[in-house]
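Novice: Chains as they are written, first to last, in the working numbering: chain H, 1 to 304; chain C, 1 to 270; chain D, 1 to 423.
Hints are computed from structural coordinates only; laboratory data are not their basis. Just so it is clear, the structure is predicted and the values come from calculations on it, not from any experiment. Please note that the accuracy of each hint is not assured.
[Claimed, not checked] Simulated restraints, written as ranges between beta carbons of each label pair:
{"hint": "1", "chain 1": "H", "residue 1": "Q297", "chain 2": "C", "residue 2": "A137", "range": "30 to 36 Å"}
{"hint": "2", "chain 1": "D", "residue 1": "K134", "chain 2": "H", "residue 2": "S39", "range": "38 to 44 Å"}
{"hint": "3", "chain 1": "H", "residue 1": "I24", "chain 2": "D", "residue 2": "N106", "range": "50 to 56 Å"}
{"hint": "4", "chain 1": "H", "residue 1": "I292", "chain 2": "C", "residue 2": "I184", "range": "48 to 54 Å"}
{"hint": "5", "chain 1": "C", "residue 1": "A256", "chain 2": "H", "residue 2": "K21", "range": "49 to 55 Å"}
{"hint": "6", "chain 1": "H", "residue 1": "K70", "chain 2": "D", "residue 2": "N166", "range": "52 to 58 Å"}
[What the hints assert, rightly or not] Chain D residues, not near chain C, derived (Cβ > 12 Å throughout):
{"hint": "7", "residue": "T72"}
{"hint": "8", "residue": "E84"}
{"hint": "9", "residue": "K225"}
{"hint": "10", "residue": "G256"}
{"hint": "11", "residue": "F361"}
Glycine included, each C-beta is placed from N, C-alpha and C at the ideal position.
This is what each chain is made of:
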Amino acid sequence: MLNSTIEKFKAYKRGFSINKKHKIIGWFFVIPGALLIFSFYFYPIVRAFLLSLQGGVGNNLRYAGLANYKRLFEDTLFKKSLFNVFVYLILQVPIMLTLALILAGILNDKTLKFRSFFRTAIFVPCATSLVSYAIIFRSMFALDGFVNTILINMNLLGEPINWLGGPWTARLLIVIGLTWRWTGYNMIFYLAGLQNIDPAIYEAAKIDGASAFDRLTKITIPMLKPIILLTTIMSTNGTLQIFDETKNLTNGGPANATISVSQYIYRLSFEYVPRFGYAAAVALVVFVIVAILSFIQMKVGDER
Amino acid sequence: MNKKKLFRASKYGFLIIISFLSLFPLLWMFIAATNKSVDVLAGTLIPGKNLIENFKVLTVNTNLYRAMWNSFKYAAVTTLASLLISSLAGYGFEIYHDRGKDMLMKILLLSMMVPFAVIMVPLYMLFGDLGLLNTTAGFALPTVSTAFLIFLFRQSSRNFPHEVIEASRLDGLTEIGIFFKMFIPIMRSTYAAAAVITFMNAWNNYLWPLIIMQKDSAKTMPLLISNLTAGYTTDYGVLMLAVGISILPTLILFLALQKNFAEGVTGSAK
Amino acid sequence: MKKKLTVLFLMVLMVAGFTTMTFAQEETTITVWCWDPNFNIYAMEEAAAIYKNINPNVNIEIKEVAWEDLQTQLSTSLSANQTENLPDIILMQDNALAKNVNSFPNAFYDLSDSGIEFDNFANFKVELTKVDGKNYAVPFDNGAAINAMRVDILEEAGYTIDDFTNITWEEFIEKGSDVKEKTGKPLLSAIAGQSDLLMIMMQSTGNWFFDQNGEPNIADNEPLKEIIRVYQELLEKEILVQVNDWNQYISTFQSGTVAGTMNGAWIIGSIVPVEEQAGDWRITNIPRLANVEGATNYSNQGGSSWMVMANSENPEIAADFLDKTFAGSKELYETILPSSGAIATYLPAGDSEVYNMPHPFFGGQKIYTEIIDYAARVPEVDYGIYNYEARDTVSTAITQIMSGQDIQSALDEAQSTLEFQMW
Numbered sequence: 001m002l003n004s005t006i007e008k009f010k011a012y013k014r015g016f017s018i019n020k021k022h023k024i025i026g027w028f029f030v031i032p033g034a035l036l037i038f039s040f041y042f043y044p045i046v047r048a049f050l051l052s053l054q055g056g057v058g059n060n061l062r063y064a065g066l067a068n069y070k071r072l073f074e075d076t077l078f079k080k081s082l083f084n085v086f087v088y089l090i091l092q093v094p095i096m097l098t099l100a101l102i103l104a105g106i107l108n109d110k111t112l113k114f115r116s117f118f119r120t121a122i123f124v125p126c127a128t129s130l131v132s133y134a135i136i137f138r139s140m141f142a143l144d145g146f147v148n149t150i151l152i153n154m155n156l157l158g159e160p161i162n163w164l165g166g167p168w169t170a171r172l173l174i175v176i177g178l179t180w181r182w183t184g185y186n187m188i189f190y191l192a193g194l195q196n197i198d199p200a201i202y203e204a205a206k207i208d209g210a211s212a213f214d215r216l217t218k219i220t221i222p223m224l225k226p227i228i229l230l231t232t233i234m235s236t237n238g239t240l241q242i243f244d245e246t247k248n249l250t251n252g253g254p255a256n257a258t259i260s261v262s263q264y265i266y267r268l269s270f271e272y273v274p275r276f277g278y279a280a281a282v283a284l285v286v287f288v289i290v291a292i293l294s295f296i297q298m299k300v301g302d303e304r
Numbered sequence: 001m002n003k004k005k006l007f008r009a010s011k012y013g014f015l016i017i018i019s020f021l022s023l024f025p026l027l028w029m030f031i032a033a034t035n036k037s038v039d040v041l042a043g044t045l046i047p048g049k050n051l052i053e054n055f056k057v058l059t060v061n062t063n064l065y066r067a068m069w070n071s072f073k074y075a076a077v078t079t080l081a082s083l084l085i086s087s088l089a090g091y092g093f094e095i096y097h098d099r100g101k102d103m104l105m106k107i108l109l110l111s112m113m114v115p116f117a118v119i120m121v122p123l124y125m126l127f128g129d130l131g132l133l134n135t136t137a138g139f140a141l142p143t144v145s146t147a148f149l150i151f152l153f154r155q156s157s158r159n160f161p162h163e164v165i166e167a168s169r170l171d172g173l174t175e176i177g178i179f180f181k182m183f184i185p186i187m188r189s190t191y192a193a194a195a196v197i198t199f200m201n202a203w204n205n206y207l208w209p210l211i212i213m214q215k216d217s218a219k220t221m222p223l224l225i226s227n228l229t230a231g232y233t234t235d236y237g238v239l240m241l242a243v244g245i246s247i248l249p250t251l252i253l254f255l256a257l258q259k260n261f262a263e264g265v266t267g268s269a270k
Numbered sequence: 001m002k003k004k005l006t007v008l009f010l011m012v013l014m015v016a017g018f019t020t021m022t023f024a025q026e027e028t029t030i031t032v033w034c035w036d037p038n039f040n041i042y043a044m045e046e047a048a049a050i051y052k053n054i055n056p057n058v059n060i061e062i063k064e065v066a067w068e069d070l071q072t073q074l075s076t077s078l079s080a081n082q083t084e085n086l087p088d089i090i091l092m093q094d095n096a097l098a099k100n101v102n103s104f105p106n107a108f109y110d111l112s113d114s115g116i117e118f119d120n121f122a123n124f125k126v127e128l129t130k131v132d133g134k135n136y137a138v139p140f141d142n143g144a145a146i147n148a149m150r151v152d153i154l155e156e157a158g159y160t161i162d163d164f165t166n167i168t169w170e171e172f173i174e175k176g177s178d179v180k181e182k183t184g185k186p187l188l189s190a191i192a193g194q195s196d197l198l199m200i201m202m203q204s205t206g207n208w209f210f211d212q213n214g215e216p217n218i219a220d221n222e223p224l225k226e227i228i229r230v231y232q233e234l235l236e237k238e239i240l241v242q243v244n245d246w247n248q249y250i251s252t253f254q255s256g257t258v259a260g261t262m263n264g265a266w267i268i269g270s271i272v273p274v275e276e277q278a279g280d281w282r283i284t285n286i287p288r289l290a291n292v293e294g295a296t297n298y299s300n301q302g303g304s305s306w307m308v309m310a311n312s313e314n315p316e317i318a319a320d321f322l323d324k325t326f327a328g329s330k331e332l333y334e335t336i337l338p339s340s341g342a343i344a345t346y347l348p349a350g351d352s353e354v355y356n357m358p359h360p361f362f363g364g365q366k367i368y369t370e371i372i373d374y375a376a377r378v379p380e381v382d383y384g385i386y387n388y389e390a391r392d393t394v395s396t397a398i399t400q401i402m403s404g405q406d407i408q409s410a411l412d413e414a415q416s417t418l419e420f421q422m423w
């Protein structure tokens, strides 16, 4: 019964026509934005690729072919940074997006009180400046900090954990920090997306006798699919390119256990002896990886 | 009946815990802004009496008003321009979709996947050659159109009721007319969310404003905050005050717009 | 009437035009980039005021830029070959100077023949600002290492500041353990994984992480191994406590958790704001490593110097400005010292009255002359071009050693990583 209701709505959409004239008009809509991106993103990316074929220091650059790329294979710091960002990706993104989805679902209930307050509270972390929250984060997770004290008092720990001192606990900290910071951000997109779902379809489904769970899985999530795809691509991209959190929370430590690829690029450009060609090569490797992952996600999730 | 009540109560409980965890650092920050640096570092959670003093130091040592104004100008202009250009493109990509446009969208997405630190230098060279260093145009151009926003509008347009478009065409509206008169009002939740996010990102943008604007008078808030931590001694009370002030515009915008993206427009589709 | 007015108006315009033209021709603006309003910027402002009396047509414009941001802007502009936005003078961290001069040759103005008297500055600083024998910067702030201690706590254990002067690390550990036992307070704190203290100890021996040929010297670096041994002992005996970041480090001595700290002289700026501790602090020199040949009680941490950019339109004026102020004006140093505590490395300033004043916070100790004296005795060390890489690899090795890895293997790893990064 429910399925036929959904099918009716889908069929109505499919009946929508786009003729040739429309398609041409559509290009006019699209060109300004696309042109700006080509000028200010793709042009520099091409330049960056050319730069990645050059070796040397500072502004003494000379053509070196694929030497930079070959060197990446032996670069332990690069490999470590790549490993780290994948750890963050796998651990953090699914948790964060699920949490954001749940929160958006809960907060979309018009009968819930104080929704405004909850929404604002959950949004606040992504607007909070990293400078301030890094300080308090590190002090909360210090050896004698708040978190250890609570965990010991609750008898969950025997000895305080040196959060910032161990590689995996430090990585966990980054994951916690990222989740804390970006859940609200993603929640906003889900909330906005939920507003665009025609309430009539829920009415029809209720009349057809669908349960709350059915409505969630057969209507809400499928209709939110476009937005969910947006957030997974953006989060994958964002996490693999993460910089602020690893620099400010742990500065890549301890012993480079948390350093991210973007941080490594920054070091190569502005802290170590500047090698912009090599940094560009690192960036392009990241680019290829993110592109492949996004392509896969689009293939799986992008449908009309 | 009891099961329902329990479920409802646990929802509230969950939300309260999450809200507290989210707000706690902000609260700490506002308390720190009222204290002396020494006390801030000692970890006090009691509001102090140093707010006026910190404010005085902040306005004397830095050009706070100027930086706030610059950040606001830049963020507002970027947000308005961005929303227009990106939503036009997103609408175009979805409503007039064909294989070419779908391919183009995928290509545009690639533009976000290279870390900015590496794009920065060629971009700087480009703007230098164009003579746009130190100009507002140079400031704004790279950030006005982003694949992210275009993608957001494209995805959101998937749920735009097409019967509205059919009806509007029958009514004699031009395509662009449909966009301005129908799409924008109906999709206001997406615009509201996009406005808040774009404003926030523009406000917090660090690297590009750092290198494109060299004049001291063009400094933005993130740079001002960075300068506060650059000395041999950092006054943490003053720092937290600056950070707190810096959050306010985004917060205010959020509060003003949140009803729009979170509480839908009932019956608008009809 | 109208005609007369118009003529008069035009004449006024002409006169105004001429005067602005002539003034515009004569007035030059020198832009300076530096950070820290309480310290460097303040010093620059005072220098500008002094120079105004010497050369009234020169206008000094200061822009506040954090060091990291300055390096980013510098690297970006220089590698993009777009130097129009760069200033005339910059403040440069000493440990990044060689790297910048080497990476961007011809970007910095050679000051060797500009008339500046470099002998007036502490030797180790001048060496740091030289590349290939040429002087590229005017040394400025003083990072000479000091051991600042809470003498009220020392007294409880029966010691005075003299007991910690000119000593070895063995003696420090011995007395430190005693103090810990009797008062419960450690003598030092340091940031885990950020080996500032180790850097200080390294330079005190006159060694660094590179050998004479500029090759990495970590795996077989005997002074380094000795330093690590000492550091481990300090940690074991709880004379040194480790914290996780800069603000926690500051907090340890501000709140009295530790009874002292060792760092560059500029750390005084973080000690004096704690009014309740006034009178309880004294400074002295740092301990030396007895088992290392050539070890001293003196070292350096941090420090920066003024450089002139080659793209400047008026490099001679900029150089002259620096010459007459930072490299020649005792008055400048006397002015900036009392209000900012900006102790410089200009040796003649050490004779002035102001520098000889007793400091109330330090119980009347004449800290400024002492610090200038320390600066004169700091061993020369060449940080090298790959200094940041060296520091990172050594810090990583130390962290691994503190987590239990054996010293030699960690140092071997660091050595090979550094070699890899120097290509």
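Novice: Are any of the numbered hints broken by this structure? If so, which, sorted upward?
Specialist: Those not satisfied are hints 4, 5, 7, 8, 10.
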